[in-house]
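Colleague: Residue numbers (my numbering), protein chains in the order written: chain A, 2 to 492; chain B, 7 to 504; chain C, 44 to 142.
If you are wondering where the hints come from, they were derived from the structure by calculation, not from laboratory data. One should not assume that every hint holds.
Said to hold, decoys possible - Restricting the straight-line Cα-Cα distance to at most 16 Å, the calculated cross-link-like pairs of lysine to aspartate or glutamate (EDC-like) are:
#, chain 1, residue 1, chain 2, residue 2
1, A, Lys364, C, Asp69
2, B, Lys72, C, Asp109
3, B, Lys148, C, Asp130
4, A, Lys364, C, Glu119
5, A, Lys364, C, Glu51
6, B, Lys486, B, Asp461
7, A, Lys364, C, Asp76
8, B, Lys148, C, Glu129
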Amino acid sequence: MSDLIKLSAVALGEKLAAKEVSAEEVTRVHLDRIGEVDGRVHAFLHVDTEGALSAAREIDSRRAAGEKLGPLAGVPIAIKDVIATKGVPTTCASKILEGWRPPYDATIMTRIREAGLVMLGKTNMDEFAMGSSTEYSAYGPTYNPWDLSRIPGGSGGGSAAALAAYEAPLAIGTDTGGSIRQPGAVTGTVGAKPTYGGTSRYGLVAFSSSLDTPGPCARTVLDAALLHEVIAGHDPRDSTSIAQPAPDVVAAARLGASGDLTGVRVGVVKEFGTDGVEPGVTAAFRDAVETLTKLGAEVVEVSCPHFQYALPAYYLIAPSECSSNLARFDSVRFGLRVGDDGNRSLEEVMSLTREAGFGDEVKRRIIIGTYALSSGYYDAYYGQAQKVRTLISRDFTSAFEQVDVLVSATTPFTAFELGARTSDPYQMYLADLYTIPTNLYGGPAISVPIGLSEGLPVGLQVMAPTMADDRMYRIAAAVESVVGTFTPPAL
Amino acid sequence: MSTSVLPTYDEVISRYEPVIGLETHVELGTATKMFCGCPTVFGAEPNTQVCPVCLGLPGSLPVANKAAIEATIRIGLALNCSIATWCRFARKNYFYPDMPKNFQISQYDEPLCTDGYLDVEVNGETVRIGIERVHLEEDTGKTLHVGGATGRIHGATESLVDYNRAGIPLVEIVTKPVPGIGAMAPEVAKAYVAELRDVIRTLGVSDVRMEQGSMRCDVNTSLNRPGEEWGTRTETKNVNSLRSVERAVRSEMLRQASVLDAGGTITQETRHFHEDTGDTTSGRSKETATDYRYFPEPDLAPLAPDPQWVERLKAALPELPRVHRARLRTEWNLSELDMQSILNAGAVELIEQTVAAGASPEAARKWWLGELSRRANAEGVELESVGATPAQVAQLQTLVDGGKLTDKLARQVLEGVLAGEGDPEAIMAARGLEVVSDTGALTAAIDEAIAAHPDVAEKIRGGNQAAAGVLIGAVMKTTKGAADAKTVRELVLARLAG
Amino acid sequence: MAAISREEVAHLARLSRLAVTDQELDRFAGQLDVILQSVARVGEVAADDIPPTSHSVPLVNVLREDVIVPGLTRDEALSGAPDSAEDRFRVPQILADEE
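Use the sequences and the hints to build the structure in full.
Modeller: If you want it as structure tokens, here you go:
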């Protein structure tokens, strides 16, 4: 195993800029690593060998010609398979999109390419981003590099596992209820959800439109910040995209690395109790809070009384929006078509296609969503959930009058065993208990590794006010400067 | 289903009161679609004006067209509506292959414009049609049904879909119900659609061509006995011309009356209008109304039109048709009734353009309300599509005024124009229809006629001027009608006088 | 207390064009009942005077100019089509009336 694969993106970028190594070589060693371990990890659904090498060679040519390239030019990246990549299969881990090659690139893909990043391939996920373990992928689960009998989190388990397995130094995920942060926590990697609207959704296959947020995944906070900078910013193709320029997250990460948090006010959410939380997670969180105090932060308890309704509100809003977003998968213009034998009507073909093409969790959420939006039920369900959402947002706003950031454990449990929560969907939903509130508010949040519990990673979640993404990077970098990074046992 | 004997229209009116309502969809003439930058050119090759957004590809997102919003507000202002200070788009969810996302981005409980009115004239009466709402949505693609007999959906074995039209901005204008119009209901419906069309055309936001589908009407009709609550209404679709609007209301009134007379009840349903028979047939009747599961569109930001901007738009509205017509009526020195006739014939703009091209209002009116209206009715087309342009009509009249054509000859030239042979001057020359006014040539023809009818000539010399008709006829025949009968008569009498 | 019957689940599946099997109906009905009972908790919150959030980002009037932007070629548009003919997307017989 080449030492190159252990390097951070920053370090790789420096070596590439200094021409100590070529982009092609960097790409090759990562492709080799994928070849070596992905049979057991299954982080990737598609490896674009030719595309990656071709992109790498182009970076090398341009650098050789004297062109000045960005700090991440030539660094490999893995992309969650929910992002449209032109000409490269984009399946959202669903059978209904098996083999679909989009005729266009997502905006963040364009920016990633322009930054000179080299896409290795598309990573595994829960089908259509619905899940917390990647077990709902129609192409088989991903296995946690820390313990291959355990889940890597979800929905973005593939991206997180790819990082933990050193198959890529950077990855892209999407976060709707915790799908970047929770996998980060259970794989010992960094996962950040930007402010909603801070990163373009054009080209992100929609699950829950008012919640979905693309974000960076990496092994270090600074790496995540650099990737955040590449993908963030206004996109005229996305009407929900924030017009103001993105906050300077890279500077904040560098500042935080100095380890000084004097004057920073940190809030611990009172209502996030210890019920249902693994003792090891609680212990690691307490240690983290102590670390923050040692770094100079002032830690207080704040009350967010409506957070207990975040999970129910989320599981009404997200399915409602997804029931509508997934209606386009109808066998007509793209994707799977089943049952078209000349004797069936379009309605039948559509129904058979969706039945065959969607997995159980997707079907459940479509049904819940259809129910929650139905005339007669709308007011009590979707309508009421959107009101509760307002109250949750107000909890955040008032909390942020008292403190600069909120912290919590990212998720109540460490990586559970495969199959442990698949028979009871609701048990699976509990993994998102702490991550969901900020999605409803729209604020940025990051998960940074803080320790191990019985050999499995635990993450600290830092939540900041909307548009204050830099703040969370500063705190995360400060914590990282004390606890360091965590390496799984060799695969 | 056999048709029962229908009552007469008078019978229907004597027993029932109609209530009508109209829903009109107008395709805006913006350069691009409502939520993406694809062109909107009519008649392009299938699926060549599409992109990920209007195809509904996974990951695509809508961005609202500013010009479409402005056009919708202007329509609302012209219809005396209140303009929302804050409103949102909503998703209307249902499955149909011409709708790429299987939801339509529309507006639900927050339309852009509300609570306006449009005054229309029918039989000398002014009827105020309340406007419930004006909102903005996206059009669907076009489906070709293949394999059935009529090209319609029933009986088709497969369908082919073209998404060029999908996403074109569509303005929906819904009237409040219109009661209290009695026997005039069909005419009121037609007058409303005609006036609405003129208003929108004046605003320049759509070419509103019903035959091309850039203006589509659905008509709602119900009947109730006097003093009772309004009856169950039916919705009639596929009403593609002004004439059809009138016929559809009339036909539906007769049908509903026949059902009610027999003690039956009206099913709330959508019906389809047939041009050829003038009847309506039942669409698939739905057991329950479709639940569209509307919710605010999360991919689009709310609209908050700046009130000052709206005021500026209002101040800049062009002269609307009603005011315009009043001005023309004065200029043309016509009675209200005469002006109404012109309006009913759909000839206001045509006459105006003909006058602008040089004809007198009287002459323009004569042609458009006379020969050309007759032809339009006979062929079942709108007057503006009859085949003659205002410029051509003006040219024709100039030739008559200049003595080059008699009325009769002019009619023949007009035949040529309608047949597509070209402009009046060219046809006149090609067909050799110019009035023979050369006295010398006429004298020769007259002498010929006199020689052929000596007994008639005697009678005329004897004072019987009426007998001149035979000679005039003979001369007209010789000259193939290219002589002015009046002139011929004078010359004949003069010839035989001395 | 929210409760969802097997028949309701079947109805919702039809509305969403999902040809669920009997086994799925059995499985889903129970699972959905649990989920719906828990999400119904939102009803405990007194929220009559609270405005619903539809957008967490407070934007208004996000518009674009009426200017043509290049889209897809016909081939690109049809590239994912399961079935096409005469430059159009081909679908089997449609039962429902057009709206």
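Colleague: None of the hints should be skipped; say for each whether it holds.
Modeller: Against the structure, the hints:
Proposed proximity of Lys364 of chain A and Asp69 of chain C is supported: the alpha carbons are some 14 Å apart, at most 16 Å. Restraint check: the Cα-Cα separation between Lys72 of chain B and Asp109 of chain C comes to about 7 Å, which is no more than 16 Å; the hinted pair holds. For the hint linking Lys148 of chain B to Asp130 of chain C, the alpha-carbon distance of about 13 Å falls within 16 Å, and the restraint holds. Between Lys364 of chain A and Glu119 of chain C the alpha-carbon distance is near 30 Å, which puts this suggested pair outside the 16 Å criterion.
Between Lys364 of chain A and Glu51 of chain C the CA atoms are separated by roughly 14 Å; this keeps the pair inside 16 Å, and the hint holds. Pair hint Lys486 of chain B plus Asp461 of chain B does not hold up; C-alpha atoms about 24 Å apart against a cutoff of 16 Å. With a C-alpha separation of about 14 Å, the suggested pair Lys364 of chain A and Asp76 of chain C falls inside the 16 Å cut-off, and the hint holds. Distance check on the hinted pair: Lys148 of chain B and Glu129 of chain C sit about 14 Å apart at the alpha-carbon level, within 16 Å; holds.
In summary, the numbered hints that this structure violates are 4 and 6.
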